[in-house]
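Novice: Just so you know, the sequences run in chain order A and B.
Using this note's numbering, read the first sequence as starting at 71 and increasing by one per residue.
Using this note's numbering, read the second sequence as starting at 304 and increasing by one per residue.
It is possible that some hints are incorrect.
[Claimed, not checked] DEER-style ranges, computed between Cβ atoms:
| no. | chain 1 | residue 1 | chain 2 | residue 2 | range |
| --- | --- | --- | --- | --- | --- |
| 1 | A | 119 | B | 678 | 34 to 42 angstroms |
| 2 | B | 623 | A | 73 | 34 to 42 angstroms |
| 3 | A | 175 | B | 678 | 20 to 28 angstroms |
[As the list claims (entries may be wrong)] So these bits of chain A aren't anywhere near chain B, every CB distance computed over 12 angstroms:
| no. | residue |
| --- | --- |
| 4 | 98 |
| 5 | 105 |
| 6 | 112 |
| 7 | 125 |
| 8 | 159 |
| 9 | 178 |
| 10 | 192 |
| 11 | 195 |
| 12 | 198 |
| 13 | 213 |
[Said to hold, decoys possible] List time: in silico EDC-like cross-link candidates among lysine to aspartate or glutamate, alpha-carbon distance up to 20 angstroms:
| no. | chain 1 | residue 1 | chain 2 | residue 2 |
| --- | --- | --- | --- | --- |
| 14 | B | 309 | A | 160 |
| 15 | B | 309 | A | 157 |
| 16 | A | 139 | B | 664 |
| 17 | B | 309 | A | 192 |
| 18 | B | 674 | A | 218 |
| 19 | B | 309 | A | 193 |
| 20 | A | 139 | B | 490 |
Keep in mind that the hints were calculated from the coordinates and are not lab data.
It should be emphasised that the depicted structure is a prediction, and the values quoted were computed from it without experimental measurement.
Glycine included, each C-beta is placed from N, C-alpha and C at the ideal position.
The chain contents come next:
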Amino acid sequence: MSGKTEIRFAGSGGQGLILAGIILADAAAIYDNKNAVQTQSYGPEARGGSSKSEVVISDAPIEYPKATKIDYMVVLTQESFSKYIFDLRDNGVVIADKELITDFSNAKGKLYMLDMVKSAREELGKLLGLNIIALGALVEISNVVSKETILKALLKRVPKGFEDYNKKALEIGFRLAKEVKNN
Amino acid sequence: MANNIKLMQGNEAIAEGAVIAGCNFFAGYPITPSSEISEYLSVKLPKTGGVFLQMEDEIAALGAVLGASLGGAKAITATSGPGMSLKQEHIGYASMCEIPCVIVNVMRGGPSTGLPTLPSQSDVMQVKWGVHGDHAIIAITPSSVNESLYETVRAFNLSIKYRTPVIILTDEIIGHMREKVIIMEKDSIEILEIKLPSVPPEEYKPYNYLSGKVTPLAPMGEGYRYHVTGLIHGDTGFPSQKTEVIQNAQNWLIDKIYKNVADIEKFEEFQTGDAELLLVAYGSTSRSSRQAVMMARAAGIKAGLFRPITIWPFPEKQIKNLAKRAKIILVPEMNMGQIIFEVQRCACNSAVHGLNIVNGEPITPDQIYDKIKEITK
Numbered sequence: 071m072s073g074k075t076e077i078r079f080a081g082s083g084g085q086g087l088i089l090a091g092i093i094l095a096d097a098a099a100i101y102d103n104k105n106a107v108q109t110q111s112y113g114p115e116a117r118g119g120s121s122k123s124e125v126v127i128s129d130a131p132i133e134y135p136k137a138t139k140i141d142y143m144v145v146l147t148q149e150s151f152s153k154y155i156f157d158l159r160d161n162g163v164v165i166a167d168k169e170l171i172t173d174f175s176n177a178k179g180k181l182y183m184l185d186m187v188k189s190a191r192e193e194l195g196k197l198l199g200l201n202i203i204a205l206g207a208l209v210e211i212s213n214v215v216s217k218e219t220i221l222k223a224l225l226k227r228v229p230k231g232f233e234d235y236n237k238k239a240l241e242i243g244f245r246l247a248k249e250v251k252n253n
Numbered sequence: 304m305a306n307n308i309k310l311m312q313g314n315e316a317i318a319e320g321a322v323i324a325g326c327n328f329f330a331g332y333p334i335t336p337s338s339e340i341s342e343y344l345s346v347k348l349p350k351t352g353g354v355f356l357q358m359e360d361e362i363a364a365l366g367a368v369l370g371a372s373l374g375g376a377k378a379i380t381a382t383s384g385p386g387m388s389l390k391q392e393h394i395g396y397a398s399m400c401e402i403p404c405v406i407v408n409v410m411r412g413g414p415s416t417g418l419p420t421l422p423s424q425s426d427v428m429q430v431k432w433g434v435h436g437d438h439a440i441i442a443i444t445p446s447s448v449n450e451s452l453y454e455t456v457r458a459f460n461l462s463i464k465y466r467t468p469v470i471i472l473t474d475e476i477i478g479h480m481r482e483k484v485i486i487m488e489k490d491s492i493e494i495l496e497i498k499l500p501s502v503p504p505e506e507y508k509p510y511n512y513l514s515g516k517v518t519p520l521a522p523m524g525e526g527y528r529y530h531v532t533g534l535i536h537g538d539t540g541f542p543s544q545k546t547e548v549i550q551n552a553q554n555w556l557i558d559k560i561y562k563n564v565a566d567i568e569k570f571e572e573f574q575t576g577d578a579e580l581l582l583v584a585y586g587s588t589s590r591s592s593r594q595a596v597m598m599a600r601a602a603g604i605k606a607g608l609f610r611p612i613t614i615w616p617f618p619e620k621q622i623k624n625l626a627k628r629a630k631i632i633l634v635p636e637m638n639m640g641q642i643i644f645e646v647q648r649c650a651c652n653s654a655v656h657g658l659n660i661v662n663g664e665p666i667t668p669d670q671i672y673d674k675i676k677e678i679t680k
């Protein structure tokens, strides 16, 4: 990976993907002491619309802060899948939700379909935490940071009283990814 | 470990820099992409005895900041394009009355409401010329989150030292991106405190145009009496239409900044030593430019980057010097061509090219490198 990894979380405003990017960047920059930059792009609306959050992690200083050749992309809406997949590397990896993404007409790279929404509904009782499930899946598949590191960074950002809930969400992500990885 | 390392957003770093500088007053009106500055200070300032005010609009916000500054506060406001247009009237007032203040403009696309969430660098000339009447301005363009923090401290220092508005001219990319910030111990950073005048109150003249030195602005309520008006005024602040007072006042507003350029200027050079192709870039575009310089060097092109950190006053002397060797100059900016005019003025024997991409996306290193290849053919 020539010491540089580019990650994109793509979905719609309100899904918490910007926060997922921040937690990942925090894990890499502060806990792993690498260079990491997190950026985001969204429309003027408070909810809905396509939104993306990108993290560039590198051993060398990062000049241009945005992702240009995506190594890993996590997608949580059909619209963002179609809109943002264009600059995925040919050997890049896409982690997509099984229920939310159904049209693969412009798919590229290696695709992992995970039951993230279904697991959130069944195991967490609501979709709150879907972003953390996605973050867990990304870490399990990419190994850009360790599981211990991402947990530390997550717990730092989680409001008091929601630590166990978020830890559970993260572990669901690890498990779902492990299942598809071994297939 | 003495230094505290954090992952911060550019806007948060500006707010944290303000707190480190001793800022105790914020008034503003939220606007994307600057709102995180007010959000951060709304939490921090009340905890340290400071004041956070959300005003009815941007004009009132700067009015409140100027009032607070006259009362001895270290005061700041933050906005973006549309709000910056509204603030012009009070920026002129601050220049005329020589009231220290820091104004942050996180640039987004314009004109009018333009592109609220997307980046631009199209307010560079507005910052210099938006106010009617002759005056000088100091403006700073940080290019990283870490620099956003330390340049905010410097902005407060300069505003007090020269009794002038100082503008932090950042953009949506630097304002919203997160990267590592090293927060140093407070006692290792130069922080200028507001001083009382060295003369007794009855001898205090706040507008001493001929002394050649900036008289400290005495906080109201400390026994120093003076008048504050946007009309041209004499040494006690009362209006005057005497020709010599008018000329002295006009000279002073320019001279106090331009005769101290060596103290105010700040810039960074990258591989300029033998550069035959010079890039001049600021803010987020300077990051892409730096990467493009490395790409060009790898291809055997002797490229270098000059990056103004203080953008106003413009670093004329440095550009003139670098242009002696660099006969080709490229100015990439996220506007239709603004700083290029300053560069052309300073480098009139060089071929100065612009790269102007204003589509809501940052200019990429590839786009700059392509342009370098085109103009060095």
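Novice: In terms of Cβ atoms, is chain B entirely out of 12 angstroms range of residue 213/A?
Specialist: Answer for residue 213/A: holds, closest chain B Cβ roughly 20 angstroms.
Novice: Please check whether the beta-carbon of residue 178/A is more than 12 angstroms away from every beta-carbon in chain B.
Specialist: 20 angstroms, holds
Novice: Lying within 20 to 28 angstroms: is that true of the beta-carbon distance residue 175/A to residue 678/B?
Specialist: At 40 angstroms between Cβs, range violated.
Novice: If you draw a straight line from the CA of residue 309/B to the CA of residue 193/A, is it 20 angstroms or shorter?
Specialist: Violated, at roughly 34 angstroms.
Novice: Does the hinted range 34 to 42 angstroms hold for residue 119/A and residue 678/B at CB?
Specialist: Roughly 38 angstroms apart at Cβ, these two residues keep to the hinted range, so it holds.
Novice: Under the criterion that the straight-line Cα-Cα distance not exceed 20 angstroms, is the pair residue 309/B, residue 157/A satisfied?
Specialist: Violated: residue 309/B and residue 157/A sit about 30 angstroms apart, past 20 angstroms.
Novice: Is it the case that residue 112/A keeps its Cβ farther than 12 angstroms from each residue Cβ in chain B?
Specialist: 6 angstroms, violated
Novice: Checking the smallest CB distance to chain B, is residue 105/A really beyond 12 angstroms?
Specialist: 7 angstroms, violated
Novice: Confirm or reject the statement that residue 195/A sits farther than 12 angstroms, beta carbon to beta carbon, from all of chain B.
Specialist: 31 angstroms, holds
Novice: Hey, does residue 198/A actually stay past 12 angstroms from chain B on C-beta?
Specialist: 22 angstroms, holds
Novice: Holds or violated: are the alpha carbons of residue 674/B and residue 218/A at most 20 angstroms from each other?
Specialist: 45 angstroms, violated
Novice: Was residue 192/A rightly flagged as not at the interface, with every chain B Cβ beyond 12 angstroms?
Specialist: The claim holds: residue 192/A sits with its nearest Cβ about 33 angstroms from chain B, beyond 12 angstroms.
In this structure, the earlier hints numbered 3, 4, 5, 6, 7, 14, 15, 17, 18, 19, 20 are contradicted, and the remaining ones agree with it.
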